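2 protein chains.
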Amino acid sequence: MLEVERPIEVFLEILGRRGSFPILWALVRGPQRFSALQQETGLPPRTLSLRLKELEDFALVSRTAYPQVPPRVDYALTKKGEGLKGALEALLEWEKTL
Amino acid sequence: MLEVERPIEVFLEILGRRGSFPILWALVRGPQRFSALQQETGLPPRTLSLRLKELEDFALVSRTAYPQVPPRVDYALTKKGEGLKGALEALLEWEKTL
Chain S
1 MLEVERPIEV
11 FLEILGRRGS
21 FPILWALVRG
31 PQRFSALQQE
41 TGLPPRTLSL
51 RLKELEDFAL
61 VSRTAYPQVP
71 PRVDYALTKK
81 GEGLKGALEA
91 LLEWEKTL
Chain C
1 MLEVERPIEV
11 FLEILGRRGS
21 FPILWALVRG
31 PQRFSALQQE
41 TGLPPRTLSL
51 RLKELEDFAL
61 VSRTAYPQVP
71 PRVDYALTKK
81 GEGLKGALEA
91 LLEWEKTL
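If you're matching them up, the sequences are chains S and C in order. Using UniProt numbering, you'd call the opening residue of the first sequence number 1 and step up by one each time. Using UniProt numbering, you'd call the opening residue of the second sequence number 1 and step up by one each time.
Honestly, I wouldn't trust all of these hints.
Identical chains blur together in the list; that is why a pair holds if it fits in one copy or across any two.
Said to hold, decoys possible - Here are the computed lysine to aspartate or glutamate pairs in the EDC-like style, where the Cα-Cα straight-line distance is at most 20 Å:
| id | residue 1 | residue 2 |
| --- | --- | --- |
| 1 | Lys80 | Glu40 |
| 2 | Lys96 | Asp74 |
| 3 | Lys96 | Glu9 |
| 4 | Lys53 | Asp74 |
| 5 | Lys53 | Glu9 |
Honestly, the hints are just simulated from the structure, not real lab data. These numbers were taken from a predicted model, which means no experiment stands behind them.
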């Protein structure tokens, strides 16, 4: 892991990993289940789980498990994650200019 | 190198590399020489050169060498690079909320 300093650079390193952007963008619309995220991002399950764990560790995503059968788990943006909406939108606008 | 698809994900992978963000942010203020970028970013010369080459390859940064002694080289944002200003500003705003 390269030595990085500023919070923004730590975050950008995570955002640069495959799948982080589509996951965050999907969650901008609201909480999603794993299966819905898998469908929307097209990520293999292991990559999706890894990215979600990293985003959770960085406190951008929360994971809520419901005590029911079959088990249900929702993923959602935290307040810190929601703060990213503007930047994600600006990045999407920029992508359109490419 | 992980297989990435969308242009935005290719770019975010580069933006996630150490130094990319401070370099781009320094160039938002206008063309800079290598030494000025080195001072502003605090990056070791080899890392700075590598990042600048990657940003050039991705057409976000241009490099202009002036035929004079001693040699002078300016780095600047391309039009595509300037289009990122909004996203970089939004990311900086978000960093302040952390």
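Hints and how they fare:
{"no.": "1", "hint": "Lys80 / Glu40", "verdict": "neither (22 Å within a copy, 28 Å between copies)"}
{"no.": "2", "hint": "Lys96 / Asp74", "verdict": "neither (30 Å within a copy, 28 Å between copies)"}
{"no.": "3", "hint": "Lys96 / Glu9", "verdict": "between (24 Å within a copy, 13 Å between copies)"}
{"no.": "4", "hint": "Lys53 / Asp74", "verdict": "within (13 Å within a copy, 41 Å between copies)"}
{"no.": "5", "hint": "Lys53 / Glu9", "verdict": "both (18 Å within a copy, 19 Å between copies)"}
Hint compliance for this structure: hints 1, 2 are not met, and every other hint is.
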